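The lines below spell out each chain.
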Amino acid sequence: MSTSLERREALKDNEILWYERMLEIREFEKRTNELFASGEIRGTTHLCVGQEALAVGLATVLEPEDVIAATYRSHGIALAFGLTSHSTMAEIMGKATGCAGGVGGSMHMCDKSIGLLPTSAIIGGGMPVAAGAALAFQIQNKPQVAVAFFGDAATNIGAFHESLNLAAIWKLPVVFVIDNNVYGEYSRINLTTPIEDLHLRAASYDMPSIKVDGMDIYAVQEAMTQAVDGARRGEGPTLVEAKTYRFSGHSRADQALYRPAGELEMWQKKDPILLTEQALTKKGLLSEAKILDMKAAMVEFIDQAINQARLDPEPGLEQMFENIYTAAKASNA
Amino acid sequence: MSTSLERREALKDNEILWYERMLEIREFEKRTNELFASGEIRGTTHLCVGQEALAVGLATVLEPEDVIAATYRSHGIALAFGLTSHSTMAEIMGKATGCAGGVGGSMHMCDKSIGLLPTSAIIGGGMPVAAGAALAFQIQNKPQVAVAFFGDAATNIGAFHESLNLAAIWKLPVVFVIDNNVYGEYSRINLTTPIEDLHLRAASYDMPSIKVDGMDIYAVQEAMTQAVDGARRGEGPTLVEAKTYRFSGHSRADQALYRPAGELEMWQKKDPILLTEQALTKKGLLSEAKILDMKAAMVEFIDQAINQARLDPEPGLEQMFENIYTAAKASNA
Amino acid sequence: MRFRQAIVAAMTDEMKADESVIFFGEDVAAAEGPFKTSEGLLENFGPVRVRDTPISEMAFTGAAVGAAMMGMRPVIEIMFMEFLGVALDQLVTEGAKMHYLSKGEFSVPMVVRASCGSGLGFGSQHSQTLENWVAATPGLKVVQPSDPQSAYSLLRAAIQDNNPVMFLEPRILYAERGEVDTNLKMEIGRARVLQEGSDVTVVSLGNMVSVARKAIKDSGLSAELIDLATLVPWDRAAILESVKKTGRLIVVEESPWSGGWGSEIVSFITTELFSDLKSAPMRITAPDVPVPFNGTLEARYVPTSEDVSAAITEIVTNNKVLQPWWIQKGLNR
Amino acid sequence: MRFRQAIVAAMTDEMKADESVIFFGEDVAAAEGPFKTSEGLLENFGPVRVRDTPISEMAFTGAAVGAAMMGMRPVIEIMFMEFLGVALDQLVTEGAKMHYLSKGEFSVPMVVRASCGSGLGFGSQHSQTLENWVAATPGLKVVQPSDPQSAYSLLRAAIQDNNPVMFLEPRILYAERGEVDTNLKMEIGRARVLQEGSDVTVVSLGNMVSVARKAIKDSGLSAELIDLATLVPWDRAAILESVKKTGRLIVVEESPWSGGWGSEIVSFITTELFSDLKSAPMRITAPDVPVPFNGTLEARYVPTSEDVSAAITEIVTNNKVLQPWWIQKGLNR
Ligand SMILES: Cc1ncc(C[n+]2csc(CCOP(=O)(O)OP(=O)(O)O)c2C)c(N)n1
Ligand SMILES: Cc1ncc(C[n+]2csc(CCOP(=O)(O)OP(=O)(O)O)c2C)c(N)n1
Ligand SMILES: [Mg+2]
Ligand SMILES: [Mg+2]
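Quick mapping for you: the protein sequence lines, in order, are chains A, B, C and D. Take 15 as the starting number for the first sequence in the working numbering and just add one per residue. Take 15 as the starting number for the second sequence in the working numbering and just add one per residue. Take 171 as the starting number for the third sequence in the working numbering and just add one per residue. Take 171 as the starting number for the fourth sequence in the working numbering and just add one per residue.
Chain A on its own, in the form it takes in the complex:
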């Protein structure tokens, strides 16, 4: 079985793998939803169905030494960056083999080897942290970049404003990525936010911004490359707004009945998996048969990951008392 870092590195220039990783996320989230419904997963889940192109596109652009501070909605980010479906599912199931040893749960993905900082369940929680990671890179003179990844509705929290301002005045190598999936919980963005194009908020900080179609992995790669390369070259932060759509409800059992009629259907026509299939088929890299094969294989693959996680042990009572304080400094990045 490959490590998360190997999984991350394998993505490099491998378009089929991009597609496969998107399928993996899609299938993973589908099964997660089922497992939650059946009671096998407790707590809460926040799915990213429909947003796979953004996660995978971003992963293909960043180097493994770069870091990302994301949110409770991060199964997709975690998988795209390389975390295995097994480790991700084990965490969601609270198993000792999970990426956080089972004490984190669905909202707390983490893997240092691929730059996945512990994701935060607090809105705005990751933005200052990403800025701080970027500050370290700047001081250390390292060509690394930090990414803060968050939702549209998170652009209304104070930490957003403060983090962008700080990153701008210090010219930090950080990219702020808004995953604008149109909803914050059960509220459509227009109900809580007076402007539609959230990247325009960058002007308050004299910061460049980019708006991108988050359903199109190639567009995502182009936009992210521009932002990440700029940061790496020392040109400072960029605010990227990816227009996506949350195909699922907000969390747990939410049916998203508050959506206007037809909205989901409209966005489903832009399903990133569909779009990628079309692009790859056009390039001759995919055929209908191959697609069916890959999808069937993915069902099998996720099934195995789930079954493996099911058999895994739970953390022992002593695990609860570990990693509260540390004597040694973790050999941080």
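Worth double-checking, as some hints may not be accurate.
Pairs of lysine-lysine residues, derived as DSS-like cross-links and limited to a Cα-Cα distance of at most 30 Å, are as follows [unchecked claim]:
id: 1; chain 1: D; residue 1: LYS384; chain 2: C; residue 2: LYS415
id: 2; chain 1: C; residue 1: LYS414; chain 2: D; residue 2: LYS490
id: 3; chain 1: C; residue 1: LYS355; chain 2: C; residue 2: LYS384
id: 4; chain 1: C; residue 1: LYS415; chain 2: B; residue 2: LYS185
id: 5; chain 1: A; residue 1: LYS225; chain 2: B; residue 2: LYS156
id: 6; chain 1: B; residue 1: LYS44; chain 2: D; residue 2: LYS206
id: 7; chain 1: D; residue 1: LYS499; chain 2: D; residue 2: LYS448
id: 8; chain 1: D; residue 1: LYS206; chain 2: C; residue 2: LYS414
id: 9; chain 1: C; residue 1: LYS414; chain 2: D; residue 2: LYS415
id: 10; chain 1: B; residue 1: LYS185; chain 2: C; residue 2: LYS186
id: 11; chain 1: A; residue 1: LYS297; chain 2: A; residue 2: LYS283
id: 12; chain 1: D; residue 1: LYS499; chain 2: D; residue 2: LYS384
id: 13; chain 1: C; residue 1: LYS415; chain 2: D; residue 2: LYS490
id: 14; chain 1: B; residue 1: LYS296; chain 2: B; residue 2: LYS283
id: 15; chain 1: D; residue 1: LYS490; chain 2: D; residue 2: LYS414
id: 16; chain 1: C; residue 1: LYS448; chain 2: C; residue 2: LYS414
id: 17; chain 1: D; residue 1: LYS384; chain 2: D; residue 2: LYS448
id: 18; chain 1: C; residue 1: LYS206; chain 2: C; residue 2: LYS186
id: 19; chain 1: C; residue 1: LYS448; chain 2: D; residue 2: LYS384
id: 20; chain 1: C; residue 1: LYS355; chain 2: B; residue 2: LYS343
id: 21; chain 1: C; residue 1: LYS415; chain 2: D; residue 2: LYS355
Everything labelled a hint here was simulated from the structure, so no lab data went into it. All figures in this text were calculated on a predicted structure; none of them were measured in a lab.
Since the structure of chain A is already known, use the hints to place chains B, C and D with the ligands on it.
This is chains B, C and D with the ligands only, laid out in the frame that chain A set:
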């Protein structure tokens, strides 16, 4: 002796009184500074020398039923709105006759009768509160307006962002006034903020904004009238940026040695008291002799206020235990 | 009715009784609350009084302060107590001090409802009780119901109170059922003696009340069960009276061993009743660790009825206190 | 040297010893700190390592978290402890949990320096100690020095610690002088027995240590004076040992009667040493009121050496505890 409300109402259309009130603030701050230096005032002080036109201009536009949430730098706002020099000084001296009974101090001015909410010593502290007052007016269907008054550097705190967004989405009758006096403590604004014209941040909230010369009381009145009238008519919030300059140091004994050479002198040419003198002289309302008389009288007036405050009693020990909790609802505005 | 329905009922009855009661928070209006604690409120009271907010805890907490000062009685919902970590300033440093800083001119009749506590698999950033954030705040009251009846009666009392009240709702109780007499009034500041007993006083709060109740039953001993209900200002008289009678004290709390609220009770009672005590007083708490996600660990995180009944038996039978389970097991760091 | 110079010295020595130590906060660089606690740091270590920040406590506290995770050792300054009320999330909910949520993969070696406490006339929003905000946070250490030596030694230890450390500096001590041996190491988690004694153990912290020392002298009795120094994790062993010897316990604290940290000490020690106690243990605290500005009231707010020596005399001579002064005087609400 007139009450604060009478002092406020007397301002109405009385240009000479505007000038006099500005003189009062200037002399008050000068004496406050001396009293602090001599040790008669303890704690801290934040003077507003040079910013009198903004305070008085604002006071002439607002109705006494309107409210203002301001900051630790509010002797001028308090006096402009009507608080007596005696009550203000008594508070700064910690006397029982002070506007907060001597338990507040220089940073905490308050007078309900003139809509002066307890000023906050926390950056950003007053902005959400002003939005909330405006919410009450909106719900109560009252034609009242709330003002949040704060400094340039306060536009970098999270509460600024959140308050403007909330006010915009709810179309609250609130006016956000940036007193851009170029410095936040010892840091010139350009060192902490990537843009110069802070009112441009209103665009993030689809909110109208106005930039105004804060040294010119007539310009202030015009800008504030536009913003306040808009709010009163139900058109929602406005962000007003008044360009002023802090003639004094930040607080206490600060000599402001960090200022670029010549900057203070340049701004002193726009001294709001000078500008008002010139305007009123042109209108035939002031003469050189009258100016001298008024200034001399003001020295006397503030002297009396100080002497009175000096003789006032300190709060008793029991005062410390009062007004922590209340059984009765204060008959709020 | 269920605990969450008791909340709805209290809100409904207060909103009917007093037009100045308004309610806002994230997804509390159209979606009727993430925990369905505002079912029907929007429908019954309309969008002027029941509002969804942007994700801006600082702004809307402060907006409640300002609206309260202007004569409204705002109730707000902080979805998870942890989110107050981005807004504590407005409640503790602004709201709770307004009455004091205005010499009693303004009162701040507002209620901050927040769900708290562990047990539902929400992980370490969504499962704490965090009473310590608000406990040492003169000017603020802190209340925590333990069953549908106290949820109803205390919430009504909180809304009628003329001071800011922090109303902590143990999330795990939302689905619990119990009788509710809507005519039964409960006073803030009064503990409830739920069960009389002669040999030991068991003080608990929130979710721990039913744990303590079961423990007492299991122990078969005569213990007096007290629901503290109000944490600030807590009912010193009631606990004194009980311990005077029983001569023994056990406090059962969900908060951590270090910094938890129970020390306050043990400390005060010991100082006052030292010579009346037949044995050492004791606390039964959670350990000093973040709340773990894994279900087995999370269940072990909070005190269990076995912990409590063992402690009751030991203290009553042998006048001895048991060490915390993690020390017994040698799991202490 | 003075207390504030001890801070500077510790910062200087650590920045010399370890390149990864960086420092930022509001006006700490060019202006060398509002309390002159960073004199010479910018000059000696340059603008890359010593930085002024915008007024954005949330952003820069979080930036310290992120930078620490990437291998730096950030020290930040929160000018007044109250300002953490706008940034608590980043320290408590993000920083303190990163090690746990990453299965130990990341450590967060950062120090949050904050001035705290009353005595200088800064009023109710700038004078609290607020240990309660951070005390119940597994993953965070909390330290408070009481003299120049402990300021120096503990700050060095805090910077060398691999966990987040809250370093509370009693503001009133900044100007105090004392001997500093820069070779003397102090360990976090160890209390200091400052004076041995046989009849009562007096535990204190920060500014209260010298108050307790004077009180002991005035009482003429044999009291053991302990400077707790670390509040989390506090030195249970040291206090146990002392109280075992003396049989009596007085805790002297600047925090309020309700919710203050002293209850933790009294509660734990009583539970452990009940039968060794010769008299009731007790706390001497501030009353449950906001810190008043007026100098006379503010001086009465904190425990005085007269309060403490009277309590010592009473407990040692009569095995009795004194009621708090405000209750004796009938001033309780
Ligand atoms: C400070 C804070 N407030 C509220 C919440 C509750 N909450 C969790 S997700 C969410 C909606 C966020 O929407 P958005 O930022 O658009 O991200 P998305 O969930 O759509 O990915 C809210 C309000 C939180 N976690 N933290
Ligand atoms: C949250 C918070 N952070 C920091 C401070 C300390 N502080 C007081 S005044 C000030 C500068 C504010 O500058 P500006 O907003 O421009 O207002 P001005 O003082 O110039 O009127 C700072 C940093 C504070 N009071 N509150
Ligand atoms: Mg969204
Ligand atoms: Mg300024």
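Which of the stated hints cannot be reconciled with the structure, identified by number in ascending sequence? Checked against the structure, the hints that fail are numbers 1, 4, 5, 8, 19 and 21, while the rest are satisfied.
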